[in-house]
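S.K.: Each chain, written out:
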Amino acid sequence: MGSQSFLQVRKLKRVFATVEKNAKPIFSGVNFDIEKGEFVCIIGHSGCGKTTILNILAGLDVASAGDVVMDGREIGGPSLDRGVVFQSHALMPWLTVMKNIAFAVKSRWPDWDNAKIEKHCQKYIDLVRLTGNEHKKPSQLSGGMKQRVGIARAFSIQPKMLLLDEPFGALDALTRGTIQDELLSICAQTHQTVFMITHDVDEAILLAGKIMLMSSNTENGPPARIAEIVVNTLPKTRTRGDIHHHPQFYKIRNHLVDFLVNRSQAPLAPFAADAGGVEYPPHVTPGLDNETVVESASVIALRSGKVH
Amino acid sequence: MKSLGVRAAILSLLILCVLLLVWHAATMPKEAVTAADSEYAKLMGAGAPKADGIPTPAQIGATIWKHARDPFYDNGPNDKGIGIQIGWSLARVLGGFLLAALVAIPLGFVIGMSPLFHRALNPFIQILKPISPLAWMPLALYTIKDSATSSIFVIFICSIWPMLINTAHGVASVRRDWLNVAKTLEVGVLRKAFLVVLPAAAPTILTGMRISMGIAWLVIVAAEMLVGGTGIGYFVWNEWNNLSLSNVIFAILMIGLVGMLLDMVFGVLQRAVTYVE
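Just so you know, the sequences run in chain order H and A.
Counting in the working numbering, the first sequence runs from 1 upward without gaps.
Counting in the working numbering, the second sequence runs from 1001 upward without gaps.
Source of the hints: derived by calculation from the structure; they are not laboratory data.
A quick note: this is a predicted structure, and the numbers were derived from the prediction, not measured.
Where a beta carbon is used, it is the ideal one built from N, C-alpha and C, also for glycine.
Errors might be hidden in some of the hints.
From the derived model, a few chain A residues whose C-beta atoms are all more than 12 Å from chain H [what the hints assert, rightly or not]:
#, residue
1, A1026
2, Y1142
3, V1248
4, F1266
Partial chain H-side listing against chain A, Cβ under 10 Å, derived [said to hold, decoys possible]:
#, residue
5, A58
6, R82
7, V84
8, F86
9, S88
10, L95
11, K106
12, S107
13, H135
14, K137
15, G143
16, R153
Kindly produce the complete structure, drawing on both the sequences and the hints.
M.R.: Structural data, given as structure tokens:
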């Protein structure tokens, strides 16, 4: 299954070298697919290796085992095909907003002339509603505006996939809401494939079509892995203003919070494996069909009586 | 209430006046020992300007005026204008300093980017750094066989270390995020070095250059005292041999003034490359 998926992550494992020999991996047996145009969020407690997975997807880190294939090609290092929005915005403070984005655009299309680069940058500055701030330095911008520049920079190189590492973590709730709405509309316009780390359950429900739940990497427990994939059953045209009126919203939300609070450290039942021995985490649709669990009957058994 | 700047300037002037007054009082020519015989007093030099001991502020003023009126005269090897002497010193300092920058900044980049080079070169730097630059002088004179070039070498060797260490430190501590941005954008090595690492490390590098220039200006005076010929250091020593303390004091003031101006230039450069995060 999934041989045609846009992004395939197979048997991914990462061990950080320590003095002791058989060091425990942070995570292992991580398998998932992302389709073109999909928005996927990953949620889990700190230390479970979310950022490491994102860094491996970005090519900034190397997996200890397993492989990642995007668009039919194995990921072997950083690439302009994958745009990254860093948690700390990572803008160059000595460059203006325009020049920060132009640096990326020039890297993508080295033979473009300055006028073309500027026009292209302006388009993305307008897209994140920063028109009029082109010639300001990052230090003159608020936290939310800086993160918008980071988003514009990542979109400006028109990557095949966008990787967002908790992009709104440092922002206040109001700013976060506005930028979430903007991101949602930009992604809807551009059909961008997105992989995003978040700690915010509501953010995940608003933005993502699929929410991957990662189990915790505890001291004596097994390495972290993706425990289940929650399919977002809310209508695609959802907005921040109406989402919480939908009957499905709290069912999904409760399921996510339950996982984070109660189940993220519980032992996982074995997953169903495909012909190639790849074990996929079950897909769940909270609130529908008594919480249908695709692929893994044992997980239903484990969970029944505990949740809902 | 006047602004702090104005009040500070008034206080500075006041301190200057007090210093000049104390100086004047301390160097006043002693009253003629006995005015018993006016003929005898004349023979003893009374009435003539004071010629020995520490000169009075007025005499220094006259010396400054004399030099300022004609800074570029040249009456042979032992009598050149102050402008020419300072010019020689500056030329040597700039020569040695630029040579040092040419070596230290690229080498600092390599050390900062490569932990291997950092470890491998660190022992050499640690041993060479604390050596007084003048200790190199005999070796330089023997190998280069030219006193003027030797003093440039001494400037080179003393100004290389702060620039090297600061460049390496600045380059090594460029924020990982910016390097990651460059990586994900597949930026080439040279483009990364000039457009990401250099601007990020520029404030630290400039600090190193400023320290180097300060040290170079300290060392040139001593070096020129040793090698002789021309330069402000030679001028000080020559005037000491002439027992002209007012010229010595004048030269000291000039050394301070030029050092301050050099530092100010680097202060301006530093401000130009500093960024706010």
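S.K.: Next, verify each hint and record whether it holds.
M.R.: Structure-based check of each hint:
Under the 12 Å C-beta cut-off, the non-interface status given to A1026(A) relative to chain H holds; the minimum distance is some 53 Å. With a least beta-carbon separation of about 46 Å from chain H, Y1142(A) lies farther than 12 Å from that chain, consistent with its non-interface assignment. Annotated as non-interface, V1248(A) keeps its C-beta farther than 12 Å from every C-beta of chain H; the closest such distance is 46 Å. Its beta-carbon lying about 19 Å from the closest one in chain H, F1266(A) satisfies the requirement of being farther than 12 Å from that chain.
Below 10 Å, beta-carbon pairs count as interface contacts, and A58(H) has one with chain A at about 6 Å; its hint therefore holds. Look at R82(H): its Cβ gets to within about 7 Å of chain A, closer than 10 Å, so that hint holds up. Look at V84(H): its Cβ gets to within about 5 Å of chain A, closer than 10 Å, so that hint holds up. For the restraint placing F86(H) at the interface with chain A, the shortest Cβ-Cβ distance is roughly 6 Å, inside the 10 Å limit, so the hint holds.
At its closest, the beta carbon of S88(H) sits 6 Å from a beta carbon of chain A; the interface hint therefore holds under the 10 Å criterion. Hint on L95(H) holds. Least Cβ distance to chain A is approximately 8 Å, under the 10 Å limit. Hint status for K106(H): holds, given a least beta-carbon distance of 9 Å to chain A, under 10 Å. A distance limit of 10 Å between C-beta atoms decides the matter here; for S107(H) the minimum to chain A is near 4 Å, and the interface restraint holds.
Interface restraint check: H135(H) against chain A, minimum CB-CB distance 15 Å, threshold 10 Å, status violated. The restraint placing K137(H) at the interface with chain A holds, with a minimum CB-CB distance near 7 Å, inside the 10 Å limit. Taking 10 Å as the C-beta cut-off, the interface hint given for G143(H) is violated, the closest approach to chain A being about 13 Å. Hint on R153(H) holds. Least Cβ distance to chain A is approximately 8 Å, under the 10 Å limit.
Hint violations for this structure: numbers 13 and 15, all remaining hints satisfied.
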